[in-house]
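**Student:** We have chain A; now place chains B, C, D, E and F onto it with these hints.
Line order of the protein sequences matches chains A, B, C, D, E and F. Residue numbers 1 to 250, in our numbering, belong to the letters of the first sequence in order. Residue numbers 1 to 250, in our numbering, belong to the letters of the second sequence in order. Residue numbers 1 to 250, in our numbering, belong to the letters of the third sequence in order. Residue numbers 1 to 250, in our numbering, belong to the letters of the fourth sequence in order. Residue numbers 1 to 250, in our numbering, belong to the letters of the fifth sequence in order. Residue numbers 1 to 250, in our numbering, belong to the letters of the sixth sequence in order.
Keep in mind the hints are simulated off the structure, nothing from the lab. Just so you know, not all the hints are guaranteed correct.
Copies of the same chain are indistinguishable here, so a pair counts whether it falls within one copy or spans any two.
[To be verified] Straight-line alpha carbon distances no greater than 20 Å define the calculated SDA-like cross-link-like pairs of lysine to any residue that follow:
#, residue 1, residue 2
1, Lys238, Leu62
2, Lys63, Thr236
3, Lys233, Pro147
4, Lys233, His153
5, Lys238, Thr160
6, Lys233, Glu130
7, Lys170, Lys223
8, Lys223, Ser193
Number of protein chains: 6
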Amino acid sequence: MHIHIINPNTTASMTQAIGQAAELYASPGTHISSSQPESGPVSIESHFDEVVSAVGVAEEVLKGEQQGGIDAYIVACFGDPGLLAARELTRAPVIGIAEAAFHLATLISTRFSIVTTLGRTGIIAEHLLEQYGFRHHCRRIRAAEIPVLDLEHHPDAAFTRIVEECCRAKDEDDIGAIVLGCGGMANLTQQISREVGIPVVEGVSAALKLAESLVGLGLHTSKHGDLAYPRPKPFTGKFAALSNLQLPLK
Amino acid sequence: MHIHIINPNTTASMTQAIGQAAELYASPGTHISSSQPESGPVSIESHFDEVVSAVGVAEEVLKGEQQGGIDAYIVACFGDPGLLAARELTRAPVIGIAEAAFHLATLISTRFSIVTTLGRTGIIAEHLLEQYGFRHHCRRIRAAEIPVLDLEHHPDAAFTRIVEECCRAKDEDDIGAIVLGCGGMANLTQQISREVGIPVVEGVSAALKLAESLVGLGLHTSKHGDLAYPRPKPFTGKFAALSNLQLPLK
Amino acid sequence: MHIHIINPNTTASMTQAIGQAAELYASPGTHISSSQPESGPVSIESHFDEVVSAVGVAEEVLKGEQQGGIDAYIVACFGDPGLLAARELTRAPVIGIAEAAFHLATLISTRFSIVTTLGRTGIIAEHLLEQYGFRHHCRRIRAAEIPVLDLEHHPDAAFTRIVEECCRAKDEDDIGAIVLGCGGMANLTQQISREVGIPVVEGVSAALKLAESLVGLGLHTSKHGDLAYPRPKPFTGKFAALSNLQLPLK
Amino acid sequence: MHIHIINPNTTASMTQAIGQAAELYASPGTHISSSQPESGPVSIESHFDEVVSAVGVAEEVLKGEQQGGIDAYIVACFGDPGLLAARELTRAPVIGIAEAAFHLATLISTRFSIVTTLGRTGIIAEHLLEQYGFRHHCRRIRAAEIPVLDLEHHPDAAFTRIVEECCRAKDEDDIGAIVLGCGGMANLTQQISREVGIPVVEGVSAALKLAESLVGLGLHTSKHGDLAYPRPKPFTGKFAALSNLQLPLK
Amino acid sequence: MHIHIINPNTTASMTQAIGQAAELYASPGTHISSSQPESGPVSIESHFDEVVSAVGVAEEVLKGEQQGGIDAYIVACFGDPGLLAARELTRAPVIGIAEAAFHLATLISTRFSIVTTLGRTGIIAEHLLEQYGFRHHCRRIRAAEIPVLDLEHHPDAAFTRIVEECCRAKDEDDIGAIVLGCGGMANLTQQISREVGIPVVEGVSAALKLAESLVGLGLHTSKHGDLAYPRPKPFTGKFAALSNLQLPLK
Amino acid sequence: MHIHIINPNTTASMTQAIGQAAELYASPGTHISSSQPESGPVSIESHFDEVVSAVGVAEEVLKGEQQGGIDAYIVACFGDPGLLAARELTRAPVIGIAEAAFHLATLISTRFSIVTTLGRTGIIAEHLLEQYGFRHHCRRIRAAEIPVLDLEHHPDAAFTRIVEECCRAKDEDDIGAIVLGCGGMANLTQQISREVGIPVVEGVSAALKLAESLVGLGLHTSKHGDLAYPRPKPFTGKFAALSNLQLPLK
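Okay, chain A solo, but in the shape it has when bound:
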């Protein structure tokens, strides 16, 4: 089984960290690859960053489809950028790390809180909770107020802030579990979990397992109805390469 992780931002070191974090949880027989878009923002901290990164996600899926042999994709940014678009492009399952974390958190607790990086991204999580159906399962969205790349550049300070906010959530929010709200926290999960002492659900590993699950069940993204392959058509300018895609590729 081959699962390909797309880091929607263009920071290769983060791609690597995410890939390594995923490797820790891969089942025997699961091959993990990872990539980031050639084009896009180095981190995703706004709707604007997200919109641009979503194109990169779609393009990485198309590369994967051209290359062939990929059984499932993971979109490894907590805003799940481009998720439904990615699903249209392939029969393979595509899992977002926010949705993955929400789903699994509801299986081990009745209510959870999210601890994310910057407060301004809270609205993105809110909209996802609404769309996915988990609005009432999430008690509160908390921000450590650290920029995403601080997870790489100032890991210790970032770790401290995240743990602080997780502990506050545990004490104040009447919850059973915490969802980590950033792909860049993937390699910190076990440490955070040890510090906080309640289940901490992280999206990359969660998405990996959901992807393995769907592939293992032979379930693919539905091509009946609104996730069918997009109609081929001309694209112009720097997106001309997307023109007249004959999907499924090959």
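**Tutor:** Okay, now just chains B, C, D, E and F, sitting in the frame of chain A:
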């Protein structure tokens, strides 16, 4: 990894069928066992049946905990009877087949319909959809109007009716996937899927994969807050054996 | 008119207290009886306790049906355990004390808070509020953090804690009324009400009045659709006595 | 116990019919009186009619308060016109017939349909269902498309149309009970119920019982918070008599 | 284009202030007139006040229709009293200032808070948010706890209190904009806005622009379905003048 | 006042048609300009098309900001692609045509239906309705099942199909108004409206009026909180030009 499937009704042949259906999807290294309560209804087709079966579910979890070595439990009836109670009794993840099917269906489609056995159980599914957050992801709950045990006693006629209703759902409901609404359909999934031609999500296999996922991630049922072990206390009469449980059972 | 109150836990003294509390509010011509299951937990403070007690509730309804002459039933635990199952077993109305209190509270105020015993049972109330439609009418669920049986064993301390929490609700929650979240508080209602100074709705008395209302109107539990009598079928083991029920019992 | 029914329209014969229908269900010891506003529409079939009738409702409550001795009020039009205003004016409970019918219908069935007079009033019921929390308990709002006063002027034709629509609801809506959507149907309830063969909940009798319930429990409309007595102030023109009300009226 | 503003209370000085506030924002070519009911409360601070004022709103619309030449109406009280009734009476658009402010606030921010006069009117705003669909867009309803007419009688103190509460909202509520919750604040908007430093949306000016928008688009209130002209019928007593309205007038 | 309309697809003739449709409704003093992205799909009929077009929308806003003098932007595709991202990039109001049409439709009717092009885009509208709060105001989403560019290439057939579907909505959906679900229908609005005979709300003209409204009120997109300017950062590859944006530009 040891996953134990509890068939909440007391029909051993159905336990066996469910167990076999699960085996088909088990990952290498996953050991599956299954059991049904000693006491309870032979099938679950009403709130009343469900209430009685929920005790059986709890007792089977306690047996599992006493025996030890079980990494996760599956509650294999589409009403998820006793699910939250079961979660209180163990640190191991416990997955219901209705929730499992709902979760996975939303990952491969935007909207699904349920095809269940008897129309009167539709309300149970409705309540679960509300509680889990999937009310708007489910377009319609359809019933083949066959008693649960007809799946064993008149499998061909039952199969025909289910496929008919699934096809109607595909044609009329503006959906991308179908959720099968009865554990007793587990061994029919692949056949139904072939006939219907869109993704068909069945709960037993879905739950198996979610259980493997949580165990693989080291995630356990939260013991912080409302799913903590129940306070030990006296139980009377035919439930006296449940008295003063010192959980976790060692 | 004969209304039978089922205390879902097995503490007979609590049954008695509940029955006496109800007597205070019975209309002339209303005969009240009460019972508790032979088998079950001495108090209900978890989903596990609730699941076991629900069987007791069903069995008490069946006893009532066999005996005959009962016009309505009350399920006197704030989680409304086994309520829909009980409704299936009889044409008589069956009222839960949580639902009863919620309904009446919305008739005399626009928003209410709940004051219950243990915080861990809050999730049960949340789920009921969702199912019944009152999520937005309840501002907050508060817990006095006292075990249910402390209401009997340490009544003064319990009373003090409950009143404290009610007063906090009055001052902080922007509400018009308080719902008491435990059947065991039934005999404290008037005292609490005097201390708190805003309407305090207690479920046992509320349910009594709703039961009288339905009986007075000649309204019975609908036997059309999803609350029809359960299909008769074999039950095994300690539930064998439930086998092949020919409902309605004559 | 004295319960006063306010027919919000000015058709005295309808007031009488409603009062008589209520008498049938009054408990021993309950005294029922009824009135209609001096000023207002002869029937209520639009938001406009409703707005005007709401003033009449408030004025009738004030008359009742001046007269004294009234323990509860009923607002006997299915749009519950002026309900919250009426509650502000008195410590006595005030019950609307739409809310009453909704509440009781949910106690004997899981889902109901409404059968009302004119389709254009459906939106009023929809808004009430939303505000009261019963949106998901009501499957469908059906209209017999008869003007309200046809219930008086062409009772047989009206009866036939209502029964037809009720039977359609029973057959098509997957419900357990029907709510009659007009106070003018109060005296037809038993006949309709016999024809339809499933529980039929009518608001006037339902409200009577809920009013008796609240009075019996000593529960009054909360005067803490948003239903407190209105601040006295000048009113001008034809409403000058409402000026500087010193509530509670003694 | 002629837009008529109805101040639902009878305080002429407030009508004037509202009219002047609106003038500031009128497009060239927009003629603004304003009036208040002859009969009604001097301010609206309760459901009771609102119910009475709603008749005045309807009557002012009827006057406008009789007079002719009015292209749109504005109902200038934050509870939007009589809004749907007013829409029934005319083909012209009718805009409430609460709805107007909510709509525009969601176009420039993702979440807003309301700052209103008296806390007791918060429930009115809550009900409107629910009905209009904006429940989740409003984080919090805050009250300055000043009577409406203090905006005229003690403008400086009122202004100070409002600004204080707005600043608290800005700092604590995780919002992008503030909605002013009273028509009487219309002439303070710009000052408040300067003090608070985030967008402040006021309903009178918002409604003016929405009215201009609809008129400019040639969109009228739908007369198909539930906002059709009311059926003519007799009205009695002080509302006799409303009898047998032949709408559209003239 | 200068309002700039961004047609998110790259079909210049559609940009022109949309611009002309808008001109019809522009207020005196409003200058309208329009553009389409240099890069992107020729029509938007899937999540994939939408994701790519959203970048184009953002880039067109940035061009507008660089150029200066634009008071508001309109995003003229019914999926509102990139709307929140666009709002982050400018202080000027940005209006999507789907949201605009929804908002105005609720001001002239209580319930509406949408008539869009392809059924597969219905899910996009559903998600927007949820996010904006209008789920319950929309009765049904209908598709004429015509590709977007057929509006240009086969205008007569497209027109016929759209009118047919609108008439069905009018007759079957219990609505007061219709929302046209595609920017490409902008120049057909008046004709459709005449054929259908109930209010037809089209998004381009609606957005124009909302944009004029906000500009007229001096209301700008909130820069406090989650729509603040994005943090400047490197972008790579074909998006390198987006690097280190110092917003506000100039």
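**Student:** Failing hints, ascending?
**Tutor:** 5, 6
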